[in-house]
Amino acid sequence: MRIRMAQWFGTPAYESNDFADAAVRTIDADVEATAELCPEDLSGWRQQQSIEGLEISESLNCRVDNPHAVASFVRGTNNVSMATLMAAGLTRDAVEKGEDLDGDGDPDVIHLRLEVVELNGGSPDTDLPVTSFDIAPGINPGLWVFAPKTFGMATENFESNVAKDILRAPSPTIRIEQGDQVRITLENTHYLPHTIHFHGVDHPFLDAAGEGNDGVPVTSEMPVEAGMARTYELQPRQTGTMFYHCHVQVQAHVMMGLQGMFVVEENRPDNWLQTLNVGAGHVRFPSRSSLDEYAAEYDLHFTDLDTQLNNRVRQSNDPREVERLINRDYNITQSTSDFYLLNGRSFPLTFQESLIVADPGQLLK
Numbered sequence: 005m006r007i008r009m010a011q012w013f014g015t016p017a018y019e020s021n022d023f024a025d026a027a028v029r030t031i032d033a034d035v036e037a038t039a040e041l042c043p044e045d046l047s048g049w050r051q052q053q054s055i056e057g058l059e060i061s062e063s064l065n066c067r068v069d070n071p072h073a074v075a076s077f078v079r080g081t082n083n084v085s086m087a088t089l090m091a092a093g094l095t096r097d098a099v100e101k102g103e104d105l106d107g108d109g110d111p112d113v114i115h116l117r118l119e120v121v122e123l124n125g126g127s128p129d130t131d132l133p134v135t136s137f138d139i140a141p142g143i144n145p146g147l148w149v150f151a152p153k154t155f156g157m158a159t160e161n162f163e164s165n166v167a168k169d170i171l172r173a174p175s176p177t178i179r180i181e182q183g184d185q186v187r188i189t190l191e192n193t194h195y196l197p198h199t200i201h202f203h204g205v206d207h208p209f210l211d212a213a214g215e216g217n218d219g220v221p222v223t224s225e226m227p228v229e230a231g232m233a234r235t236y237e238l239q240p241r242q243t244g245t246m247f248y249h250c251h252v253q254v255q256a257h258v259m260m261g262l263q264g265m266f267v268v269e270e271n272r273p274d275n276w277l278q279t280l281n282v283g284a285g286h287v288r289f290p291s292r293s294s295l296d297e298y299a300a301e302y303d304l305h306f307t308d309l310d311t312q313l314n315n316r317v318r319q320s321n322d323p324r325e326v327e328r329l330i331n332r333d334y335n336i337t338q339s340t341s342d343f344y345l346l347n348g349r350s351f352p353l354t355f356q357e358s359l360i361v362a363d364p365g366q367l368l369k
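Residues in the sequence shown are numbered consecutively from 5, following the numbering used here.
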């Protein structure tokens, strides 16, 4: 993106780069905060298992997604048992699935609810990052992510400061079927205004009530203020892998992590989809259209981080101060990529395991 912008508009020579003469930019890390190489699977999440009548495939990675959440994203949180919902940590209205409009055996009316979560934020009560998420051993830059609607604490337990497994980077992949009637409600649980713009996804500029539906402040509608909610309506006709992101102060909010993949699958009979894929990458319940051609499917989300931006949220927990630091003071023309992330993890965690596991000759997506 930065290279393309420079090709179009030229390099920003009007301001010097503070790091132009630096051969290497170093960042201190608390290496003693590292975890064991590959944690023991005490919960049994890696195993193939049957939940809510669904066969959730085995995942051989070190850190895998909660299979109960996977089942809830497929069936719909409004259609699973309370035991499954409690094990998933999701609210009853997180992913609602309704009527089968075309009579082909799968739901076509979908309503998602997303929240905005801050990871590795600041607090006056501690010098440690709040709701901690490591991208590498001892490395925890501030992040904002979209997340499924959950209940309870944001951390693993009341004694821990580590984010629970469903709250992580990157923002979840959204997967729907061609022609589905989709409503996505942004419940802004953050302290700054945000929106969702569906980049490349065909959607109406106005909703059924004649209000803005594009997620671009001012030109479409005003952003969603803290504590407020807004519902976007769309019925995509074109298949493919697109992009959704916050469109408030894009130069900062997207780089903070408010971005994710938006996948529109082909319309097939009895085509149940894993509507959200939280972040580990492996799609543990691939769609019928995917399994017709591929042995397995993975969502790979690549991004980079500039700690000169991301660590600003650690300097204050006053929304006015954070707004100034992020939206006004940060200059993207001075940015430097400090970390390159694959599904929210950077080196050496990206070398910790093989994210993609396959047999010889298998065709993967």
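Because the hints were derived from the structure by calculation, they are not lab data. Careful, some of the hints might be misleading.
Unchecked claim - The calculated lysine to any residue pairs, modelled on SDA-like cross-linking and capped at a C-alpha distance of 25 Å, are:
1. K153 - S54
2. K168 - A158
3. K153 - G107
4. K369 - L210
5. K168 - Q52
6. K153 - M246
Outcome of the hint check:
1. Taken as a hint, the K153 and S54 pair is honoured in the structure, with Cα atoms around 24 Å apart against an allowance of 25 Å.
2. Between K168 and A158, the direct Cα distance comes to roughly 6 Å. Compliance with the 25 Å bound is thereby established for this hinted pair.
3. Between K153 and G107, the direct Cα distance comes to roughly 29 Å. Violation of the 25 Å bound is thereby established for this hinted pair.
4. This hinted pair does not check out: K369 and L210 have alpha carbons roughly 34 Å apart, beyond 25 Å.
5. Straight-line distance between C-alpha atoms of K168 and Q52 comes to about 22 Å, which keeps the hinted pair within the 25 Å bound.
6. Of the pairs offered as hints, the one joining K153 and M246 holds, with about 22 Å between alpha carbons and a cut-off of 25 Å not exceeded.
Violated hints, in rising order: 3 and 4; the structure is consistent with all others.
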